[in-house]
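**Q** Modelling step: build the complete structure from the supplied sequences, incorporating the hints.
Chains as they are written, first to last, in our numbering: chain A, 39 to 275; chain B, 81 to 654; chain C, 14 to 263.
Please note that the accuracy of each hint is not assured.
[To be verified] Straight-line distance between alpha carbons at most 25 Å, and here's what the computed BS3-like set of lysine-lysine pairs gives:
hint, chain 1, residue 1, chain 2, residue 2
1, C, 241, A, 85
2, C, 143, A, 70
3, A, 96, C, 241
4, A, 96, C, 143
5, C, 143, A, 272
6, A, 248, C, 143
Source of the hints: derived by calculation from the structure; they are not laboratory data.
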Amino acid sequence: MFPAPSRAADGKPWDPALGTATITGSVKFDGKQPRSRAIDMAGADEKCAEMHGGVRQKPETVIVNDNGTLSNVFVWVKSGAEGWTFPMPEGDASLEQVGCMYTPHVQGMRTGQSLAIKTSDPTAHNVHGFGKVNRSFNRSQPANAADIVMRMRRDESQPPMKVKCDIHPWMNAYVAVVPHPYYAVTGEGGAFELPNLPPGTFVIEAWHEKYGVMEQTVTVADNASQTIEFSFSKKKK
Amino acid sequence: MSEAHAELGFLRKYVFSTDHKVIGIQYGITALVFLFFGFCLMMMMRWQLAYPGEPIPLVGGLLGETMVDRGAMLPNFYNQLGAMHGTIMVFMGIVPLAVGAFGNYVVPLQIGAPDMAFPRLNMASYQAFVVGGVVMLVSFLLPGGAASSGWTSYAPLAVFATSGQTFWLLGMLFLIASSLLGGINFIVTIIHLRADGLTFFRLPFFVWSQLVTAFLLVLAFPALQAAAILQAMDRLAGTSFFLPSGLVVGGSAVAAAGGGSPLLWQHLFWFLAHPEVYVLILPGMGIVAEVIAVNTRKPLWGYKPMVYSLLFLGFLSFGVWAHHMYMTGMGTTMSTFFQITTMIISIPSVIILTCLVISLWGASIRFPVPMLFALAFLPMFGIGGLTGLPLGLAAPDAFLHDSYYVIGHFHYVVAPGTIFAMFAGIYHWWPKATGRHMNETLGRIHFWFSFLFMNGIFMPMMFEGMAGVSRRLFDPTIYTHAEAAHGLTIMTSWSAWGLALAQIPFVINFFWSMRKEERAEENPWQATTLEWATPTPPPHGNFVETPVVYRGPYEYSVPGAERDFSPQFVKQGG
Amino acid sequence: MNEPQYGWWLPPNVSAHGDDIDLMINLIHWFMLALFVGWSIFIVFCLIRFRARPGHAAVYEPIEARFNRWLEVGVAAAEAVVLIAFAMPVWSKIKTEFPATNTNPVIVRVIGEQFKWLFHYPGRDGKFGKTAAEYYADDNPAGLDFDDDDGIDDITVRGLHIPEGRPVIARLVTKDVIHSFKIPVMRITQDVVPGMEIPIWFEAKSTGEFQIGCAQLCGLGHYEMKAKLTIESPQEFQRWLDEEHSALGL
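**A** Right, here's the structure in full:
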């Protein structure tokens, strides 16, 4: 009934000397880039379309790279990193609204860190965060408005929190809130790297907004590196 | 007849009182405070509408970060202000003032009764009103803010709204309970507690208007009470009375069973809300009738047609509700039915207004402040009623629906209509209730500036609606056609702030009259109805001797009489 | 294209049935003005003629009933005429007499969602692809079933293009809450109700760029829920359809 408290404050302070192992890999996609329609911004908000010079943007829901890998997959250590309290990164995580699109589309941040939502667009946005663990929020952000800073106090990565713009329905982003620094988002090459792990056994989870989750268990020794591969295919989540 | 009571302590006498006059004053003060609060909400909205995106002066710095962005209003807060302005003005302002305050205070006096039929029920109905009002106001402090789905709370929007909507539903449960208890009280009181000789057709028109209003409350409100419970269940208990299947909000499917209908909410809501608008106007018509009769020194013209019109209006008011729903996909048969009933219901209103107007013919018209407000009511209600015509016909309504024309229409009826009638009533019965006079000069300043600014607010809205500007828009200038009409918005906003200032003489007058030594006589207006037979102010039990009624309510300038008025309660020789 | 001239009264009318509606609105307002001026003159006259002054007393029963009944019958008759001769036929024409197939209407689905409109055309095959609520996704706002071949050429855009002089039948649906499809210059308003598909039709009689708005409170972004309406000549409309067709990669 009550959301699980953050694990960030558990455990002994992290000793960086222990972080000698690495897990790397890539996320493959079995299939071609699926059909989708380009976003027509002009009919809805001309200011959005003008920022792209009238060129229609593709939705970022499924991006299959030329090398057969999948972008925007959130990869993280689901278990195996308990018992430590890791130092917090400096500064806030950031979600930007540029050209009526969110950047980045998928990101991870630390439990207890703040998310700074910025806009540089000449049109009003409305940031709506659908938190299932963290509190939902729904805040207006007129053109040139100040940053909206939301502190994420609880773990939320199963699934990550969805953020939508209420005014421009094609805008959406995902933010995963994680109690340790072992997470990554695949980019153009579909690759990820989780460095500075302590030696041990970990469950690594890969999450994609449309194709769901996949898990693998990996054991990695001191000063060693392991490579794994995930493969998603086109099926309903 | 006063009974011998043990002397009551302060709390029993003024806070937990069962005396209809104390309850009436409690209702009056509470309602005026809520009206002022609702007015303040609107004044903030008016700033955003006239100067979109500009920081709000005075209060901008005081509001929280979910309400303003560096002082400038946010859309979420604007929607809350809109929904709560309507809710507060209708359910916490006008109805408690018109029925709870004036009805409670004046009706037992005008029928010669010592109190209402159920004094303790009366107290309970006031307390339910206060609880409901507090619940409504407190909702502003919730993290998600107050209700923001319009005073109409249409499903499914209201079902998905933040917790402020749940508070709205809970507040409505209490407010409706208050009106139901009050309505029953009025019906029984008027039917059973009339003095000897006071037959139905000797009742003052004000009492008739309260009787019909009470029936409207008792018969119509249960529909909204039930609907509010159903909507609360949709929000909290996983039901789908108003949610159809297959809804997708914000990209995620709604976790509801589905199979419900949003139109069901609208039918239930408007089944109440149409009779509700007659609840808002009838007591005001009653007050205006009283003030006109007294100040024209002749009987009201067409008293009987007016009473029959009241009864016909009350009956018909249950058959027109879907004229608020013409745009929901209604076919020709249904819309024809409701257009016909809507056209027919305009007839009794026109009869009542025309009779009041014709009552001026052959009169000897005095112009104290209550009469100024009562006279202004006539053309103002006229404009309000007339502008209902293009809205009541489905085809022009296709263009005017949910535009500023509608806002102008209903505000004309309720603001320079009912509220002016309320002012007339306050100035008229003030000497009886308080034993003091109000200052005439301050009253005239209050009247003229209020009249000016009321028109300055609502007449531009008619044109804005014609220009195609929709209502409930945080920033209408997004639309080009609304940008062209922006000058009208600015006119309206400045008139609204002017109207606020115009109330200052009224407030000063209140204190001025309290400090004056000079007391008012028992019957300063030389009126004929029974409330003027009591001492000033009336004691507990009201009448020194139980009154007996010998004639009709408006026997002024009777040929052959000694004075130009023959009170109902004085047994003159024939 | 010329900028439409907006002001403080009715916006320009580009709709075929708009003239009927404008006629009714103006007629009713003349009637209202006549009543109001009549009442007001009478009131002001009475206030002056019958004001209290020394030597002037009120008369107990000054008028006979005949006058009022005549006025009442007149008002009721005028309302009946407006209702039967004007309002009902226009309403019937707009709401139930849909254009026949041989008028070659443009058929478009209009999908309302918080807080933008989406317009779905059937494409060259003239058939709509299957849509369902279960297919709604961030990259598929129209809810098309991509396995259905009819939907491959469907055009889904956020601005409405229509040709001048050809009727348009719009089927209105909504994904979430009640919206209202309003185009002031076309003189149409139609609520969009969840769980219902409501058809309306209209026909433009001149070209231009205009705005579509939402006329029923639908939440935070209600004020921003606008879309562009482009009325163009039949040739330009065809050219636009062709452009959209090739933008789909077909």
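**Q** Check each numbered hint from earlier against the structure, then list the numbers of those it violates in ascending order.
**A** Going through the list in order, the structure violates no hint and respects every one.
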